[in-house]
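Participant: Residue numbers (this note's numbering), protein chains in the order written: chain A, 1 to 239; chain B, 1 to 529.
It is worth saying that the hints were derived from the structure and are not from the lab.
None of these values were measured; they are calculated from a predicted model.
Ideal Cβ positions, reconstructed from N, Cα and C, are used throughout, including at glycine.
Heads up, a few of these hints could be off.
Just the calculated beta-carbon pair ranges, DEER-fashion [stated by the list, open to error]:
(1) A/S72 with B/A276: 23 to 33 Å
(2) A/T162 with B/M430: 25 to 35 Å
(3) A/V43 with B/T113: 46 to 56 Å
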Amino acid sequence: MKLVILSLALLSPLASAAQCTIDSQYMQASYKVSQQHEVDTAVHTQQFTLWRTLSQAAQQDEQLVEVWQQLSNQQLRPIRYFVQDKRGIEYQPSEVKAKQNFSSKQQLVSDELLAKMTLQSERGEGCDKVQKYSLKQADTTIEVSWVVNKKLLESMHITKPTGSQTIILQSVSFDKQTVQQQFAVWDNYQTTDYADIGDNESDPFLAKMINLGFIEHSAPGFYDTNGKTLKGGHHHSHH
Amino acid sequence: MKINKIATAIGFTLAISATVNAGVLPQSQVQSQWYESAQATLAQKQSQAQEEQLTKAKNVILFVGDGMGVSTLTAARILAGQRDGQLGEEGLLSFEEFPYSAQVKTYNVDAQTPDSAGTMTAMASGVKTDVGVIGVNENIERGDCTTVFGNELITTTELAEIKGLATGVVSTARITHATPAATYAKSADRNWEDVSDMPEGAVTAGCEDIASQLVNFEKNVEARFLGTDIDGIDVIMGGGRRHFLPKDAAFNSTDAVSSVEGDRTDERDLTAEWQANYPDGQYVMDKAGFEGISADTKQVLALFNESHMQYEADRENDIAGEPSLSEMTAKAIDILDNNEKGFFLTVESGRIDHAHHAGNAYNALNDTIEFAKAVQAAVDSTNPEETLILVTADHSHVFTIAGYPKRGNPILGKVVAVGSEEPSLASDGMPYTTLGYANGLGYRDLGDETDADAAYSEAPVVGRVDLSAIDTNSAGFHQEVTVPLGSETHAGEDISLHAKGPGAQLAQGVVEQNVIFHLVNQALELIEQ
Ligand SMILES: [Mg+2]
Ligand SMILES: [Zn+2]
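With the rest of the complex left out, here is chain B (with noise of 0.2 Å):
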């Protein structure tokens, strides 16, 4: 009751107050910059809104940053402006640019913080199941194969194909790993990736590892739906060799960084099953390779990588060379759009995850960037009318932004408060970065080092560490963290989805993670109503 009163008597003052004039606001105020923008970007907002809603996409493309939480996203971008010139805080990620966005929870059905096979399935099927599962509901038991029958799940990319899209699978991780397999296989475990990852009954019960998954997936998606004729993904590019080749030096690629590049102990050469499925098509595995695919090939087969492929800030140092995430976006959207249909391709950034799990901030933003480059190239290359663009996380990361670091403060430095040209201190006498982990391998400083993962040859580092005279802006860097662990984890709250083209507007609110699915089928009518 006394609620109501007060809420009576609020908008009895608002309705008074309404008629007060703009000119009471000082100059100062009206015409301050921030004052300025912050309006124009309202104008803009409502001129949006008057825009005819278009709602049906000829092409779709989803991107995925795995790991890629919202403190990651704000510490990129500072770190991108930065690297600009700029102060950093004021800018944002090409993605950070799009009209419409929402808050997105990303728990699996029996996990509070997820994983990426849980999450990607929930985006690519419409439903939320388990952690460590791919394409299959909450009835699977995970790692158990006889449980799969029945419960598989249908993804955008198989609907797509149906609906006779071009489709690709573009991804800086292995091609079959959690998130790039959960666009087209159907799996018991994320780590049945070739067949020696299998217990040998998940083999004799029938079921089919993920690489081999994605070179039968057109005879796979035939099978399952009778009566429809694909032409299978059109573009296949990661890493992940290892699955795809036979145990057995002989079939090593010059790329080879183990004695026997191939793990598969059936003696399949997926590499040249799938050359005979589409004979047109054109496998490479190298820099050179990817340079000589033209934009009018028919289908193409990627594996940069034995495993996954390199850190952004790490590719030089890959033997044979690697494309850049916005270079293999670039191109798959060259080859997808041929299809006067339209396309449906999902981009993944694997390794942001990676290095956060490594505890090494740098990697994870510089990979980022790199992100949003591949999203800008995907802006670049498509009509705006015609393509929606989403882009979104898969979970979050115990990555923070601590301290108070003055505005424009280096984001991988030591906090330097406003006012202050030297680093403050902590209780403990000693200087601390604005970046850390909740839990992790913590401190360790390896100079130059791009490669994030070497951090892993040595045990945790407890706590705090005298950073006075390290320079924790340099790549080879790593965070201190509260909680010891071997790796960091992924954190529970929630990550944000970025839309822009037909449909986009649907993207409002804090929704579940598996509406993105209804996001793409709503803007490409994959399924009829």
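The shape of chain A in the complex, shown without the other chains (with noise of 0.2 Å):
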């Protein structure tokens, strides 16, 4: 895979970013998240692979893979596989979730965010032309460093007073069939509706989602539009 781009970049180095756009509308990336809170030294760190196509957007890890498909009339519609069980849940779309951006799901800094972010430098040329933004809200700062033509970051770093989280583009790719298959492999999965989970208590499966609840997963990159919520890892969600 690394071999494939790598001659697309030697053979397009001026392609249009209009092409550059197209060629990585199919993308596997895996992403290096690293977290370290002020009252604890030590570096937490995790991989999460972010998939995507056209209209389908997915965060990946070992147990959970969520995916956001976006319908014809721009409401965002969820759906969770659990890998161990292979099973999964499939939420309605909502008006309310249909306002998180789906850039933000196809390329975890939404285009509303890097809207708002300043343009500190650019370098590289074509598809290779990489953006390095910055924004100060409050007492947090983002660092965005974003490969403009393909829709992809690079990295992104975020220092708040309690803490910060890094993350960084350990490899990507651009294959189509590759990544087609890898959502036809989650779509065979037998699927519940979130609907139904109440009255399937004699579903051993389904019945811990009843009794345990759904364990929030929040892989990182989970931004609102405004870079307010920087939640990071996987926890369990309070209020």
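The two chains are supplied separately, each in an independent frame; assemble them into the complex guided by the hints.
Facilitator: Below, the structure written as structure tokens:
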């Protein structure tokens, strides 16, 4: 895969920005996330993979895959796949979730957040053109390295007084077939509507859901378009 | 012995006091609006008892509110009144004005707290059965296809078809979901909605998925009862398109939500098969198609959503649009009443249950209010002397109306005590809502979110939350719970049955749920005695 990318880069350094964007529509990108808290000097790291097609985006870690499908009416429809159980829970698209921008699912950084940020520098050309952005909001600083014509996040660094988080691209490929195959694998898992869970206590997988509830999965890179919520890693949701 | 003496003494006293003149009651009592209206109610009951008691009906409509327990009725009635500018408590939902009612025991043969499959099977066949199974008796082993054969039950819908009546099934849930399925299918598991939901062994053993049974209904009934010639279910409306289409994006409709709408792994397109069986029938999948159905249409298959139809409050968010339950009910009757012999129609509000499971009273009550509208639409478009209308639920939910809120206090609001303007505080110093659940996901405030199920994306919230600054009347508010569970559960207490029309007077007392079959059968004379 790397070879292909390399040759593409060699062949078309001057390819049009539009062509780069088209070539990067089907993507598999793996990221490493490092977190450091003020009180705890240890650095916590984890990996996840971002998958995307024209109308779908997925964030995958070892246990869980969260897929968002963009519908013809611009709503987003989430599905969660539990890899070990080979099962999925399908949610109804709803207007609140639709307000989450699809670009934030496909790119990890939404177009809205990028538009708010200040361009600091630029390097490279064509498909490899990288832009550095930054934004300071209250006590939070966000720095983004953005491969603009591939709509690809190269890195993101967030600093707050309480700690910091860094997301770095480890590898990326743009093989349409691989991406489509991966989405097809998940699509073949047995799925249940969230609305039907309550009536299925006899199903061991769903009974677990009924009794324990969902453990909220929050893969790194879940930012609202204001760049406000900067949660990271796995956690149980408490209010 | 002592008890007998006391009873005699009481009888003696009553005999004397029976001669007391009405004049002893103070004017303020007799002229009280409470007194007068209650007296009028009794007078109405007396004249009703004098009327000729019709027992035979041309048509029967069975309405089922899935999960619509008595507390749901009370709260929905108050909400409906308050939306109308009334205090709320004094009003009635349309079907609560029906002259007859009964209290219904809902347990399944193997379960104290039942589910929709067992309960609807009881109502449709006259036989209580196990939780989770459809149209088969208690000798079934849930999930074991081989135990179906010989244990099938015959339903009111089948009997009505055989009698030559028009039949219909309408639901806001998937039309293959437990409640509607129990009117037409036999299945060892409620979840066998299409072939991809079944274990391979069940398919090879000869069990047919629920969607396929709906499309093959005519053929199957004719095979089961040699010599019968029926014309199939005349009106089918609901959700569940995914179970009728092949798992192939080429079959996606313009209403598709999933990238591949269909779930079927046997390459069958049941909508096309249905159309081939009924060339004069009309298959529709959206609001526009629905509006295009004329009353003289012979047969209708309407599948408005790939899964359940939207909550009433959420209909606008559907891609291609959906009709309301009252619109579907009126349209179904328009078509079914073309049959001179009469009709049997089942109408389900399937998502009251889902909103409760999500711990969202707003949508449960809002869908109940729409359900009451649908019943009214049926009352308005049928002749009361020839149509028996039965309105019931399949089971209850752990939904409570609690505390001491004053009269007219917003039913979705926080408890404000009699004589007070400020919310009452619990011993933890925080206000609390009148409505609550004994278990479930618990508090969440999703603002103006009209999709109750959005709640499932987060873990249960245990116990109490400071609601001081929260608008608990909003569509997206989810009530607090005592026991944290990933989904709120059904409840085991009795539910109600409301009846109007010929044979309605037989709905009385505390009855087992399977009596409902006999009320329908009695009125329509489905089985010759
Ligand atoms: Mg139901
Ligand atoms: Zn239920």
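Participant: Does each hint fit the structure? Answer for all of them.
Facilitator: Tested hints:
1. A/S72 with B/A276: 23 to 33 Å: With a Cβ separation near 29 Å, A/S72 and B/A276 satisfy 23 to 33 Å, so the hint holds.
2. A/T162 with B/M430: 25 to 35 Å: 28 Å, holds
3. A/V43 with B/T113: 46 to 56 Å: 50 Å, holds
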